[in-house]
Amino acid sequence: MVERSQWCSALQALPEEQILSLAKEMLSVWQVRPKVIPQAGLGMLKLHDSALCEPFYLGEFPLASAWIEVETADGTLAEGAAQIMSARTELAEALALCDAVLAARLPGWQQVAELLAAGVAIRARIATERKRILSSTQVDFSLLDDVGGEDA
Amino acid sequence: MGYVAIKGGGRAIAGTKGVFDHLRTRQGEAGTPLDTDTIEQQLRLLHGRVISEGGVYAPQLASLALKQAQGDTLEAAFILRAYRSTQPRLTETPLLDTTKMRLTRRISAAFKDIPGGQMLGATTDYHLRMLRMELLKESSEEFRRISRDWFSSAPEADLPDSFPKVLDGLRQQGLLPQPDAAAAEREPFDITREPLIFPVPRSAALATMARAEQGSLLAIAYSNMRGYGDVHPTVAELRVGYLPVLLPHPITGELTEVGEVEMTECEVIAMYEDDADQSKAVFTLGYGACYGHNEVKAISMAILDRALQAGMKSGPRNPSEDPEFVLLHVDGIDSMGFCTHYKMPHYVTFQSDMDRLRTTRQKQTDKEQG
Numbered sequence: 001m002v003e004r005s006q007w008c009s010a011l012q013a014l015p016e017e018q019i020l021s022l023a024k025e026m027l028s029v030w031q032v033r034p035k036v037i038p039q040a041g042l043g044m045l046k047l048h049d050s051a052l053c054e055p056f057y058l059g060e061f062p063l064a065s066a067w068i069e070v071e072t073a074d075g076t077l078a079e080g081a082a083q084i085m086s087a088r089t090e091l092a093e094a095l096a097l098c099d100a101v102l103a104a105r106l107p108g109w110q111q112v113a114e115l116l117a118a119g120v121a122i123r124a125r126i127a128t129e130r131k132r133i134l135s136s137t138q139v140d141f142s143l144l145d146d147v148g149g150e151d152a
Numbered sequence: 153m154g155y156v157a158i159k160g161g162g163r164a165i166a167g168t169k170g171v172f173d174h175l176r177t178r179q180g181e182a183g184t185p186l187d188t189d190t191i192e193q194q195l196r197l198l199h200g201r202v203i204s205e206g207g208v209y210a211p212q213l214a215s216l217a218l219k220q221a222q223g224d225t226l227e228a229a230f231i232l233r234a235y236r237s238t239q240p241r242l243t244e245t246p247l248l249d250t251t252k253m254r255l256t257r258r259i260s261a262a263f264k265d266i267p268g269g270q271m272l273g274a275t276t277d278y279h280l281r282m283l284r285m286e287l288l289k290e291s292s293e294e295f296r297r298i299s300r301d302w303f304s305s306a307p308e309a310d311l312p313d314s315f316p317k318v319l320d321g322l323r324q325q326g327l328l329p330q331p332d333a334a335a336a337e338r339e340p341f342d343i344t345r346e347p348l349i350f351p352v353p354r355s356a357a358l359a360t361m362a363r364a365e366q367g368s369l370l371a372i373a374y375s376n377m378r379g380y381g382d383v384h385p386t387v388a389e390l391r392v393g394y395l396p397v398l399l400p401h402p403i404t405g406e407l408t409e410v411g412e413v414e415m416t417e418c419e420v421i422a423m424y425e426d427d428a429d430q431s432k433a434v435f436t437l438g439y440g441a442c443y444g445h446n447e448v449k450a451i452s453m454a455i456l457d458r459a460l461q462a463g464m465k466s467g468p469r470n471p472s473e474d475p476e477f478v479l480l481h482v483d484g485i486d487s488m489g490f491c492t493h494y495k496m497p498h499y500v501t502f503q504s505d506m507d508r509l510r511t512t513r514q515k516q517t518d519k520e521q522g
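Note that the protein sequences, when read in sequence, are chains E and A.
Numbers 1 to 152, taken from our numbering, label the letters of the first sequence in order.
Numbers 153 to 522, taken from our numbering, label the letters of the second sequence in order.
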C-alpha cells in the first residue's frame, strides 16, 4: 500500500461522491468526534525563488482540514486527519475518516484500500499523460547537427 | 476631491443586473450554459491568468468568476480577490522547492543541451498565426477523436518525475552569485497583510508581481527591453508544470501532499557584475513565477526582478528600476478600480470645476474690459 503521506491526494483523485458515500456508510454504524473543529479557509504557498534562494509567497490556496476520532461498534478507537485544497470541510471529514480506517485497519479498511488503489491509478494516468506531453515534444538537436545547421 | 451622498437610481442599478445577465443568456433556446470544467479546460490560459491575478489557486471558483464576469479578466480577478478576503488564513506551507515540479514544458535559451533535455510541451511559439477555420464547426465527435488519438499516438515515456535546474550547473562553476544566507532565513513579506511602504524587501516585490496584471508587468518590462533599462536577459530556464503542495499531517507531522498547483517559473541570466562579496565577476539573475501557465508574465516578472534589484542597490535610473513605480502600478485590481471610479458620479467636484472656470473667465473678461 502507498505511504500515508499519499493517501489523501490519491483519494482526492476520485469523484467526491465515492468518498462521501463510503464515509456515510461507515458513519451510520460508528461514532465520530472531532479532535479539532473542521475548518475551511486559505493556506499561503511559500516558495524559495530558485535564482537567489530567497523565500516569498507565491499566493494562496483554499484549504479545508479535519481531525477526527472514530469509535467503532466494538469500541475500538482510532484517529484520522486530512487537509485538502478545497473549501469543503465535509470532504475533509470524509477523508479524515478514510485516513483513520486505513491507519488503524478498522473493519472495512479493504474497501478504502480499493478506493485508494483506484485513486493511485488515476494519478498514474495523469502522470503518464504529462510525461507523454514531454516525450512527444522533446527536442532532438542532433538532427540539426546532421545537416550541419547551427542553432541560434 | 469631494463627494456627496445622492439618492435615486436604485431601480436603474437593479436593472443593470438583469440586463447584464440577459446579455449572457441571449442565445436563448439555442444556447448552452458554460460549465466551469469547460472554462477550465478549453480556456485554460485565460483561466490561469485569472487564478494568478486573483492570487488564490481555486480553479473552479476562477471559472465561476470568469463566467460571472462574462470574460472580463480584471473583473474576474477582482471577484476572486473579494472571495479570498472573506476567508480566514489557516496556515502556510513550509518552504516548497520548485525542483519538485511535475513538468509539462521546459526550455532554455542559454544552452542547447541541458540535463534532462528540452521539452517544448504545449506552446504556440512555432505555430503560424492563421485562423484554423475547421474549429468554426467542430463537432463533439471530432473533439473527442482528437483527444483519443493524441493519447494513443504519443510516445511512451520513461522520464524522471522531476528535473534539475539549468542554473545549478552555472552555480557549480561559480558563475552565479552565492545565495544570501541571511535573506534565505528571513520571513517573507506578506502583501495580503501589510501595505507596501517603501523601501520594501525583495520578497514583497516578488509576491506583488506574482499576482500582478499581465499586461501591466509586460508593459513595464518591455520599456526595459526597449532601452529604458539594461537587463539584456537570457532565459536560463522556463518551466511549466505542477508543484505538489505539502503540509504536515496533523497526526504524524509527516509532510503530506494536499494538492498541486499549476505554475510557470522563469529564471533569467543578466549582465555580469562584480559580486560584492567575491573578487570575480558573476552573472546577475532575475526570477519570475506565477500560478497557471503564463510565460509572458513569468518572463516579464524575471526581467523586472532583475531591474528592481539594480534599482534597490544603486538607485533607479529608469522607471522599471524604481520599486515604487513598478509595484504600485502593476496590480490589476488596484489600477482597474482607480480607473473605473472615474465613471462614478463626480457631480460636486465637477460643479466646482465649472464654477472656478466661470470665475476665471469672468476675471479675464473684466481685465480685458479694463
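By construction, these hints were calculated from the structure, which means they are not laboratory data.
A few of these clues could be false.
[Stated by the list, open to error] Here are the simulated BS3-like pairs of lysine-lysine, each with C-alpha atoms no more than 27 Å apart in a straight line:
hint : chain 1 : residue 1 : chain 2 : residue 2
1    : E       : K46       : A       : K432
2    : A       : K465      : E       : K46
3    : A       : K219      : A       : K317
4    : A       : K169      : A       : K219
5    : A       : K465      : A       : K432
6    : A       : K465      : A       : K169
7    : A       : K264      : A       : K252
8    : A       : K289      : A       : K219
9    : E       : K46       : A       : K317
Handout entry: Enumerated hints in conflict with the structure, sorted upward
Key = Violated hints: 1, 3 and 6; rest satisfied.
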